[in-house]
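Peer 1: Sequence:
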Amino acid sequence: MFDPATVILVTTQAELDAAYTALVSGQGGTILLAEGGSFSFGATASDWANSRTDAAVTIRSANPDTPAVIERLALTHAENLTIENVHFHMDGDDTTHSDVIVQLNNCRNVTIRNCTMTSDADGPPGTDAGHAEAAQGVIIRSSAGIVLEGNTLGKLSHGVTIKDSHDVQIVGNDIRALQCDGIRVAGVDGLLIAGNHLHDMIGSTHEYNHDDMIQIWGTGITVNNQNITIRENILDCGNGARYQMIFGHNEMFEANGLTFSNILVEGNVIFGASAHAISLDDTDGTIVRHNTIIHNADAHVILADGSRAGTTQINTIRIGGTNAVIENNITQSVSGGTDNVILTTQSPWHADDYRSHFVNIEAGGSGDLRDLMLRPDSPLNGVAGSWLTWSSDTASTLTAVADVTISRSNHSLVLLDADLSRGPNGYVADKGATFTWRFDDGTTVTGPSVQHDFLTAGRHGYQLTVTMPDGSSDTIARTLDIANETAFSLIVRDNLLVDDSGSNTSFTLHAGAGIVDGWVEIGGRDRVEVSRYTESLFNLNGFKLGLTVDAETGATGTLLHLPQTFKAALATDGFLEVTLTTTEGVFTLRSSRPPFADGAEHQITVLYDDAANRLSLVIDGRIDRETAAHGITPPKAYWGLTIGDAWGSGLEARVKDIFLVTEADGAATGPSHAEQHLADGRLVVTSYENGLRTGFEQIDAADAFDWRWQSFSYDATGRMTRSESIDDAGVKVVRTFSEGVETSTVKTDVEDSESWASRTLLYDAAGKVRSDTTVQDDGRVSETRFVDGLRVQLHEIDPNGTASWAERTTGYDASGRINGTEIAYADGRLVVSGYENGLRSRVFVTDPGDRFDWTSQTTDYDGSGRRVRTEIVQDDGRHILTDFVGNTRAHAIETDGADRFAWAVKTYSFDDGGAIAALVTVMDNGNRQEMRYDHGVLQLRVDSDVADAYAWSRKVIDYANGHPASLTTHYDNGTVDVIVYDFI
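Numbering (UniProt numbering), first residue to last: 1 to 984.
Treat the hints with caution; some may be incorrect.
[Unchecked claim] Here are the computed lysine to any residue pairs in the SDA-like style, where the Cα-Cα straight-line distance is at most 20 Å:
{"hint": "1", "residue 1": "K567", "residue 2": "D598"}
{"hint": "2", "residue 1": "K906", "residue 2": "D862"}
{"hint": "3", "residue 1": "K155", "residue 2": "Q103"}
{"hint": "4", "residue 1": "K567", "residue 2": "F538"}
{"hint": "5", "residue 1": "K906", "residue 2": "T870"}
{"hint": "6", "residue 1": "K732", "residue 2": "D703"}
{"hint": "7", "residue 1": "K636", "residue 2": "N504"}
{"hint": "8", "residue 1": "K768", "residue 2": "M720"}
{"hint": "9", "residue 1": "K431", "residue 2": "D474"}
{"hint": "10", "residue 1": "K656", "residue 2": "L497"}
{"hint": "11", "residue 1": "K906", "residue 2": "G886"}
{"hint": "12", "residue 1": "K768", "residue 2": "G458"}
[Unchecked claim] Ranges between beta-carbon positions, derived for each pair:
{"hint": "13", "residue 1": "A275", "residue 2": "G648", "range": "34 to 44 Å"}
{"hint": "14", "residue 1": "Y533", "residue 2": "N323", "range": "37 to 47 Å"}
{"hint": "15", "residue 1": "G648", "residue 2": "Y533", "range": "18 to 28 Å"}
{"hint": "16", "residue 1": "T809", "residue 2": "D764", "range": "15 to 25 Å"}
{"hint": "17", "residue 1": "G886", "residue 2": "T446", "range": "48 to 58 Å"}
{"hint": "18", "residue 1": "S392", "residue 2": "N239", "range": "18 to 28 Å"}
Calculated directly from the structure, the hints in this document are not laboratory data.
The beta-carbon is built from N, C-alpha and C at its ideal position, and this holds for glycine as well.
Make a model of the complete structure from these sequences and hints.
Peer 2: What follows is the structure, encoded as structure tokens:
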């Protein structure tokens with residue numbers, strides 16, 4: 001038992017106020033907030049006159065598993081207070097960004113620990129959708145000794161704001177889903193921000209607010225920002241909005257003359273995409289060391305229309321002021337400092353690319369800290385960056401890790417390695433662990449290291465489960481972006497030049513370049529330029545670049561030009577000369593003959609394959625010349641690819657069908673097919689036509705995979721047009737594509753291994769499912785229809801009578817909730833149900849086949865799904881209307897609509913338990929019969945001769961235990977006759 005003098009359980013606001021006043025004015029103690037309680041705290045607790053010394057008081061939920069709720073905490077001149085295991089929450093239509101859930105003004109020694117704090121942020125402010133700012137989380141003003149530790153903050157506008165305060169600690173908090181800034185520092189002397197995780201923010205438009213994870217400012221401050229430590233935090237944009245990460249300057253320096261001093265930023269992990277990764281100005285003695293800053297390609301900018309756009313900003317460290325120390329950081333860019341490591345995102349095969357050092361940068365926003373760890377063989381371990389990212393062979397719990405490597409020759413082929421998965425006793429691969437990989441195409445593979453071809457461009461998902469012999473396991477789900485191997489495919493359509501690849505590559509027709517009869521006319525300064533911002537022009541270890549050319553007789557000049565990388569030109573003697581520059585040298589080719597001397601058009605293709613050490617010139621589908629070549633093409637510079645000459649006079653010619661594929665296409669010229677017997681037992685057959693891959697087939701001869709046979713067909717630009725496969729269970733899958741977008745998938749259960757016979761999925765132009773039809777083995781057919789990827793209807797038919805229904809249809813609203821159903825049962829019933837906000841509101845049942853003794857039944861429901869009324873029409877004409885209260889029948893009226901009975905109306909009343917309490921019957925002749933019940937047992941019956949059809953005016957029967965006890969008859973002549981029944 002606890003001491004009631006120092007430990008007080010409160011259930012109401014008044015009890016809380018009284019308990020706090022008693023404890024803070026006495027010897028202190030603990031206040032337990034009752035489970036399910038809702039409170040506000042501050043008005044009576046504040047020491048407005050600052051006239052007392054507060055004893056130490058702790059406020060916590062009596063049951064931390066179901067914490068009490070505090071809507072608002074506003075304290076002035078409070079001290080020695082600890083609040084734990086409480087849920088702070090504020091929402092509602094009247095909640096605005098000026099509302100603050102926790103306000104500490106002139107407070108001392110206040111700790112808020114292990115609490116949650118939420119509001120109702122539902123979208124980014126500043127967009128056309130009009131999302132309002134939610135409440136703010138915490139504001140600390142003119143206070144000292146404040147600690148925020150181990151809390152979770154989310155769905156707020158701003159997270160934490162500290163103004164003109166001393167000795168504040170923000171430690172070990174999880175801060176997510178904010179609309180604006182995370183931690184705002186405005187005048188603090190003595191601040192520790194450590195071990196926090198700020199991630200996956202909602203954000204706002206840039207015009208609305210320049211969102212920062214951690215911001216330091218000087219406007220209106222009376223305390224200088226100094227003695228600040230920002231250590232071991234994880235600042236991760238995740239899949240959320242792009243944020244400025246650690247940003248600060250004294251925008252009022254000219255007015256207040258304050259220089260922020262003694263700021264230490266160390267050991268932090270920053271996963272974002274901002275030129276202000278660590279950006280501090282107007283400082284003295286700032287130290288920035290051992291931080292790891294990594295580019296997150298999934299961080300997005302929010303536009304006014306609510307759409308999201310990627311960002312190309314480079315993470316940068318920049319410290320302005322005096323006496324700054326910037327050392328041993330990993331970043332994309334840094335201004336000044338020593339011993340910092342600069343990594344790029346140019347190519348995963350460059351030694352200075354992030355992907356050459358870190359485990360799984362490719363996971364982007366779907367990953368976490370385990371993916372941002374250095375590989376064990378990285379020379380950066382123990383040297384640079386945050387120690388949080390240095391490789392470790394142990395973890396506090398079983399931790400699944402997927403190390404990702406993309407094939408250099410086939411960018412959809414990925415090696416996934418789980419050898420870095422670890423637990424408390426080290427790496428688990430040699431400790432009996434099993435590894436299961438599941439991919440978004442439905443395949444499942446086991447083993448610590450697997451290879452998977454994702455085949456199509458776009459975002460793909462996979463899952464890794466690591467299971468130990470004792471049954472413990474850890475599962476991670478990750479995504480991976482597969483680049484479109486076709487960088488562009490420029491064709492003439494409707495007298496316009498368009499990119500038909502699906503990559504949306506930007507290009508420009510310069511000067512007088514025009515389109516005539518399906519050709520683009522170039523020459524001199526008339527040219528086509530593919531934008532220099534096309535990432536797939538650079539850092540290539542293989543490519544296929546081609547076009548169809550009709551050159552002027554005797555013409556000379558440049559045909560293709562990517563400065564410092566590639567050039568193809570007709571020399572004065574008519575021969576075609578090709579020059580390729582890579583990181584390992586300059587390589588040249590010269591055609592075997594003048595290709596345009598015959599006055600005809602020709603298809604020109606240049607193939608480069610670093611892995612095969614080959615540069616090939618292909619004319620009309622046949623290899624004309626080859627030479628050895630190797631290395632990676634240069635990184636992005638200041639120019640794009642020009643069809644013509646970038647700077648000088650280009651070749652006078654007509655061109656069409658211009659394409660770039662950013663993968664070497666194996667032996668893509670010459671042979672019509674190639675066979676390979678791989679070490680894993682697969683027989684692989686690749687087909688070619690005019691030097692281009694048209695088909696790919698593989699057979700699992702060794703039964704090493706969960707499929708038997710697969711085949712793929714491609715068009716002239718390398719896009720898939722069809723695929724077929726049969727898995728080990730005998731299921732055949734046929735997929736078709738149009739212009740690189742999947743149009744249908746048909747699955748057939750050839751060997752009857754499944755409960756269904758076939759399944760057909762059809763897709764719209766955007767690649768979203770528009771219908772999904774399944775035929776079950778028992779003959780049932782279900783078709784689900786979609787609009788813009790959202791399910792709108794499910795229609796099912798049971799032609800063979802295997803189910804209780806013959807046909808049923810379900811409709812869905814825009815949020816995926818059911819808005820109506822219609823079911824035709826095998827017994828003839830037709831049931832139509834209506835829904836509101838996803839909840840059933842009415843059910844209407846009819847008997848078209850006249851299989852039952854009723855014609856229709858209608859049931860109405862309230863907003864919580866409980867019956868409020870039923871209406872039944874019987875075949876004999878009776879009409880029964882029943883009302884319910886709390887899902888229990890309360891009243892009913894039965895009428896004889898067809899005049900089939902001797903009565904006209906019956907009225908029923910029911911008690912709170914739903915048992916009959918009274919029945920009043922009005923006969924056809926006007927007579928009335930009233931029966932009363934107790935808990936469903938008949939107690940009294942009164943018959944009244946309203947129509948004066950009998951010699952009596954009223955008969956009263958009393959019942960005992962449901963049996964007649966007495967009959968009292970009142971006659972018209974005024975006499976009364978009483979009969980008493982004797983029963984056992």
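Peer 1: The structure should be examined with respect to each hint, and the outcome stated for every one.
Peer 2: Cross-check of the supplied hints:
Between K567 and D598, the direct Cα distance comes to roughly 23 Å. Violation of the 20 Å bound is thereby established for this hinted pair. With a CA separation close to 26 Å, the supplied pair K906 and D862 exceeds the 20 Å bound. A distance of roughly 18 Å separates the Cα atoms of K155 and Q103; the hinted pair therefore holds under the 20 Å criterion. Taking the CA atoms of K567 and F538, the gap is about 14 Å. The hint holds against a cut of 20 Å.
Between K906 and T870, the direct Cα distance comes to roughly 16 Å. Compliance with the 20 Å bound is thereby established for this hinted pair. A C-alpha spacing of about 17 Å is found between K732 and D703, which places the hinted pair at or below 20 Å, so the restraint holds. Only pairs whose Cα atoms come within 20 Å are accepted, and K636 paired with N504 is accepted, the gap being roughly 18 Å. A C-alpha spacing of about 17 Å is found between K768 and M720, which places the hinted pair at or below 20 Å, so the restraint holds.
Our distance criterion of 20 Å between C-alpha atoms is met by K431 and D474, whose separation comes to about 15 Å. For the hint linking K656 to L497, the alpha-carbon distance of about 9 Å falls within 20 Å, and the restraint holds. Between K906 and G886, the direct Cα distance comes to roughly 23 Å. Violation of the 20 Å bound is thereby established for this hinted pair. Only pairs whose Cα atoms come within 20 Å are accepted, and K768 paired with G458 is accepted, the gap being roughly 13 Å.
Separation of A275 from G648 is about 36 Å and conforms to the stated range, judged on CB atoms against 34 to 44 Å. The hinted window of 37 to 47 Å between Y533 and N323 holds, with their beta carbons roughly 39 Å apart. Judged by the Cβ atoms, the range 18 to 28 Å given for G648 and Y533 holds: they are separated by roughly 23 Å. The supplied range of 15 to 25 Å is met by T809 and D764, whose beta-carbon atoms lie about 21 Å from each other.
Distance hint check for G886 and T446: the Cβ-Cβ separation is about 54 Å, which falls inside the suggested range of 48 to 58 Å. Separated by about 26 Å at the C-beta atoms, S392 and N239 satisfy the suggested range of 18 to 28 Å.
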